Amino acid sequence: MTGLLAAPAVLVVLVPFAAAATLGVLPGMRLAAWVNLAASGLVFLLACLLPFSPGDAGLLLRVDPLAATMAILAAFIGFTAAWVSIGCIAAEQAAGRLDPPRVRLYHALFQTYLGAVLLALLADNLGVMWVAIEAATVAAVLVVGLSRTHAAIEAAWKFFILCGVGIALALFGTILLTLAAGSVLGPGFAAMSWTGLARAAPHLPGPLLNLAFVFVLFGYGTKAGLVPLHVWLPDSHAEGPTPFSAVLGALAPIVALVALLRLRAVLSANVAAGGGAMAPGGALMALGLLSVLLGTISLWRRGDVKRFFAFSSIEQSGVIAFAFGLGGRMAVFAGLLQLILHALAKAAVFQCVGRAAQLKGGQRFTDIGGLIAGHPALGWLLAGAIAAVAGLPPFGLFVSEFLILGEAVLRVPWLALLLGAGLILGALGLILRLQSLCFGPPTKDCGPAPGGPALAAPAVHLVLVLLLGLALPMALGGWLYGIAGTFR
Amino acid sequence: MAGFALQLAHLLGGAMLVLSFVLLYQRRLSALITVYALQAWALGLAAAALGVAQGAPHLLLVGFVAVAAKGVAIPLMLRVIVRRLAIRRAIETALGVGPSMILGVALVALSILVVMPVTLQAVPLAREDLATALSVVMLGLVMMISRRSAISQVIGFMALENGLILAAIAVPGMPLIVELSVAFLVMLAFIVAGIFVFHIRARFDSIDVGVLDRVGGVLR
Amino acid sequence: MSVLALLLHAALMLAAAPLVVGLARRLKARLMGRQGPPVLQPVRDILRLCRKQPMMAEDASPLFRIVPFVQIGAIGAAALLVPSFTLGMLTAPLADLLAIGGLLAVARVALALAALDAGTAFGGIGASRAMMFGSFAEPALLLVILTLAVIGGGTNLVAIAAVLQGGPAVLRVSLGLALLALLAVALVENGRIPADNPATHLELTMVHEAMVLDYAGRDLALIELAGGLKLLVWLDLIATAFFPFGIGTAGAAGWVPGLAAWAVKVLVLTTGLAAMESAIAKMRVFRVPEFLGIALLLGLLAAVFLFLTQGFV
Amino acid sequence: MVSAVGIAWALAGLLGMPFAPAALPLGVPGLALTLAPDALSWFFLLILCIAATAASVFAISRPAAPRTLVPFPLFIAAMALTLLAGDAFTLLLGFEAMSVASWLLVLAEDREDANREAARQYLGFAAFSGICLIGAMFLLAHAGPSGVPALSFAALRAAPVEGWRGVAVLVLVLLGAGSKAGLVPLHGWLPRAHPAAPSHVSALMSGAMTKVALYVIIRVLFDLAGGPHPRWWGVPLLAMGAASAVLGGLRANTAPDMKSALACSTIEHVGLIAVGLGLALIARAADLPALAALALGAALLHALNHGVFKTLLFLCAGAVQQSAGSRMLDRLGGLIRRMPVTAACALMGAAALAALPPGPGFASEWLLFQALLAGLRTGGVPVQMLLAVIAALMALAVGLAAAAAVRLIGIAFLGRPRSPRAAAAEDAPLPARAAMAGLAGLCLVLGLLPGPVLQMIDPALRHLLGAGMGERAGWLVLSAQAGTAGYAALGIALLMALAGLGALWAARRFAVSGHRVAPAWGGGFMAPPPWLPFGDPATQPSAAGFSQPLRRALGAPLLSARETVSVPPPASPDPARHVAREADLLDAWLLAPLARLRDRAAGSADRLQFLTIRRSLAVMVGVLVVFLALLALLEEL
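Chains as they are written, first to last, in the numbering used here: chain A, 1 to 488; chain B, 489 to 708; chain C, 709 to 1021; chain D, 1022 to 1658.
It should be emphasised that the hints constitute simulated quantities derived from the structure, not laboratory data.
The structure displayed is predicted, hence computed values, not measured ones.
Please note that the accuracy of each hint is not assured.
[Said to hold, decoys possible] Facing chain A, a subset of chain D residues (Cβ under 10 angstroms, in silico): (1) L1056; (2) A1057; (3) L1128; (4) I1152; (5) W1185; (6) L1465; (7) L1469; (8) L1511; (9) L1515; (10) A1518; (11) L1522; (12) L1579; (13) D1620; (14) D1627.
[Stated by the list, open to error] To give an idea of the interface, some chain B residues facing chain D are shown, with a C-beta separation under 10 angstroms as derived from the structure: (15) Q495; (16) A582; (17) V585; (18) V602.
[As the list claims (entries may be wrong)] With beta-carbon atoms standing in for the labels, derived distance ranges: (19) D:V1402 to C:A983: 44 to 50 angstroms; (20) D:S1625 to B:A594: 26 to 32 angstroms; (21) A:P51 to B:V674: 43 to 49 angstroms.
A virtual CB, placed ideally from N, CA and C, is assigned to each residue, including glycine.
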């Protein structure tokens, strides 16, 4: 037991990979779904131990508050997605859209993706993190292409090639970072670790850091879906199986944005110490704003529900990137809050949309309408989740967007004008679709109605979004605020 | 010996850059594959030479992996694919050779301009290698955006990857090089396998704006 | 003393109201070369109506029966506020121009409601037109009040009259413009030519008459009386605000000259009214807003001239 | 029940019960929810509590609808939170929560397309106001010592804004709160959304919610933004207010259904209040606190009056809708006989709406005009001319309101029924009648005793402006300047009663009484067939017919109103048809171009979305090259 407590980080990473290997060979489909759930649950429980574990976890892993928080979040979303998967995949299978080998592959890849994401979050070493993100990409590409329809393969290809290039750029940035750190820390693993970079930040050669930052920004910015690097994102969200869309939509930005936040903190420390780096906020804010504006304007003229929410994810990534770019303790805090709450809310949206799509036999706006009239629980949950994403009170994103926009007004009023315009436009688009999906006369059903258990997951997500925004427990708030202080 | 190996590695890096230009210039598919293989060989040898020069045995391993996988295995696979899928030998270009060469030169200039001033503290040869590596990366990108056919775009991507590995070995004391290069190889393998499995014959940019217009602005 | 003045004033107004109407009719007829009805004819009409049984449309509600009293109540209250021969009435502190305007609006609204109550087509036409006239008359009236208030230092009519009486007797451009605007408003508000024809019974042209079509007996008598009273109130208003000479200020000493001055003024104004009505033709209904628009412009001009000349008090 | 407690609470606060700022155990670091009500909050809370109590009592008589049960109390609570808030975050949280809750209520009947469209537009505008107000609040704020922006009202007050920040605050508040209040040009949603909700909710939205928006304007511009500001700060409010008053008044005359006519009239009255606020700002800038108090007092009094009578009228409309099955004026008529209590209450409300003395509307508008008159003193000829024009527009609005009131009462309650449902209507149930009668009684009190009410407002005025109405708000007489004659509501009422009762006595004494009931002469229409016991509905004025003169005179230029009449050829039995169309020009000029712009932008964004892989890579590389070049350039510099 003490051993387990000593190294939950290692277990958190290893369990999903082990589960993936098991699921790859497990024959029974029902059983596989439950094993998937059990593994995700175990990972979540283990992740909950992370905050109490020592910082250096060995095997190039390190647990700091930021990593622990995000790992818990990722594990939680993975867990609920696995929960939703059970019914969803069974229904897909029943409808004949997935055959047993593919279901087996799906489960294995699900766990691989989860493991890779957790590894990327917990890795101290930039190289390991890069490998993990690459692995996550490959796993995600395979899941997106799982249904083998023409559109799915196209989406997967787009995803693969564009993210491949992005990841390549990130690697170049990583190499430059190692070079920069190596000139201070000497060659070795220290030069390639976040802790090393953070420690040596004030003394690193600033210009080199700038160059590295540009490449890492473009590399991980691609994963986060920042405009103009976002083209892969809508297609892949729209084509993957919906429980996986929930995971992909929620976790991909987390990993990428957390990496960008860490690097930004390194540069800021260098700037503060007069190390010659340029303030990194401008570039982040520029890409963030672009994402907000393009993401929101693209909410119009959408016909596909999942693609629509993918654009909303682009917008949200932009908002978070903007907040991180803005810097300062409050803005970073708000950005982290937005990151967490948006991941929860967006996962809930995708979970509901997935069930609604199965219920109505299509995932276009013309197929799904008036959910509340026919299926009140599903309809209200979806309405709540979309309202949460739109930043309407009483959901928590209202608080984080309030803070982000407010900080922007305080510090960069002219950019705040653009951000505000983008947020209004985004809210308008979401409201439009919220009403068309959930209110009005219902469209006809042609699939199984979701049962209570399937809706428990989005319900729990929504409750969390509500509580974390309005009544954030002081301990948790202080914890996040402390993280923001570290990375401001 | 060490000094000579270093110079050799440096020279081979330069050769990779030249080969990148040749890739950009080349119009025939089989020649493209050959030039790519040559570039991989140059990379492998450069890694080995650096390994000798710095006394770092893992670089030898990197060199071996590069030669074996990218100098031999992948070109072979590509040739098989070209034959099996009956892909046309000539390559459609989207940009034209002339403009893409000019673009390439400009990007190389930019790479040097960007890398040289910021790496003052680094070893001189490493600086130049880094600049070369970034140039190779940039040329790979140019190739990806100037060619229409899937195979040549993938070759562009792989050339880009060669540049990355060159950058990695240029940084003295870079840890985890082997792991990184292997990880990247896995991805390349997936891509090549993808072409094969999904029969992506001519081009993978079938999601064209033209398609969008044809569907009559259907909301996607 | 002020109570006595008020009582005398009330009696005078009540007595003069039908006479003014009769006088105007008579003078108008004379100007047009006809003999015309006797001056006392409206009084006779009212008395005769009082002897007839009142009628009520079968679809009308109790509101229909209340409205004549509201009419008389509102216009009577206004009549009690507007001074005639003395400024020293009990109601002087209440004589606010806006309140008087408001009371007249009450009468207008009440009558319009009554017109709609019977559920006939004519009532609706009359009511909607009357409300439109009212909407357009209101701004012009308000600008006149604004001009007067700026000169007189407040909206109290008695105070304004006192100021104008005490001040140097100069002709002001703005006062003249305001007078013109107020005259136009008065014509429209009282349903006189060119806005409306008090003598018409042609369905398509009538406004006021269309509204009272369903009334009979004592109700009609009250409404006729109220109409006369309204005309008198307007004449009085114009006389007090623009020609305040001769009005007694306080104490009984000024009453007699005040009475004489008042009689002369009312007579002159009535003659002017008759002359004007016989000289011009009735407008089409939708020209009336334009007519009132001109009044509004005059009022605005009055205000602007005032601002330009006066700087400010 | 909740409302009743609230009303007691509000009254206690107005009487001076101290209430310490309190923090709620909620929120995130740096954003604790705090309550710090002052006299202004209490006054608006009073309006809210009156409206909420009446609406709640009225709601007892409605069939229970689960869709409204939860959001309704939330709506009231959110409004109260906004009013009691002690910091910017709480204020905005309440403000937006109020919008969301009422949005759900507007969506109560979501099967109807028009309602959904109205709700969507409504929430869209709400999001817009929220963002604008966040901007305004943070422009007022300054970063605190530990990086946490100080958002409590005390802190905002302590740091006055100047220069462009001040102007930005003004613009943002006018856009944000102004759109919620329904000020032109951001009023388009209001006549759609307010009527869509159940009537007791519409009553609250019109009666109380617009006041909450006005509260925010007052709170920011008079309190938080500090001062003194340039004199022109009041001009936008004056202009928007006057435009709202006229446009709202006109649309109240042309709207075909009862509730949207009432909603349009809300725009008008909010406009009048805004004129008062603008005047007060100008007067404060000119350092005339007594005049500012007069203007603000007039505005606040009118806010209270409007809160009461508009709630009353919406409740009446609700009773009519429930009983006669429609709120379209052309399906009503003759209700005064079947629903006497409702009709009497509606008459009271309509009198107030038309600003007839001695009703409540007249007192506040009288004060407003006095303030305008005194405001002539604040500037040179340009200001005076502006004020003269504003005065004329206000008068026009008042005249239009009177016409609208006549139309509402005359078409809905008087005349003959126009539909069988209207003919068979029954008066509202007891709770509804009680709610309406209570409000009508309150109207009477407010109308006859405006002075004491103004004295209740005095603490708020003193708090904001340093001067109150003082002696000018006497028990019996309101006056513009202390010691001069003014408006005495009771006196006027007494005179009216005297004259009216005198006439009654004389009529009883001297005239033949006892009415004979007979059919009215209908101008020669055929007698109605026996299956139309209440007469042919088409032979009495319709709602569109009643508004025809105004529509022709004013609607054509302001609303681009068009009428088409199609007369069938002679000898054809087909009926002639008259179709009146109108469109709010602001929809056509503001929202439609914006929507077109958005669609065009979305179209061009789509071109960027669906690029081939190669092209999107090209974009990526292009931006990367730009960044690198920029970096090289910056390194050089």
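Here is what the structure says about each hint:
no.	hint	result
1	L1056	violated, 15 angstroms
2	A1057	violated, 19 angstroms
3	L1128	holds, 6 angstroms
4	I1152	holds, 5 angstroms
5	W1185	holds, 9 angstroms
6	L1465	violated, 39 angstroms
7	L1469	violated, 42 angstroms
8	L1511	violated, 46 angstroms
9	L1515	violated, 51 angstroms
10	A1518	violated, 51 angstroms
11	L1522	violated, 56 angstroms
12	L1579	violated, 28 angstroms
13	D1620	holds, 6 angstroms
14	D1627	holds, 6 angstroms
15	Q495	violated, 28 angstroms
16	A582	holds, 7 angstroms
17	V585	violated, 16 angstroms
18	V602	holds, 5 angstroms
19	D:V1402 to C:A983: 44 to 50 angstroms	violated, 37 angstroms
20	D:S1625 to B:A594: 26 to 32 angstroms	holds, 28 angstroms
21	A:P51 to B:V674: 43 to 49 angstroms	violated, 33 angstroms
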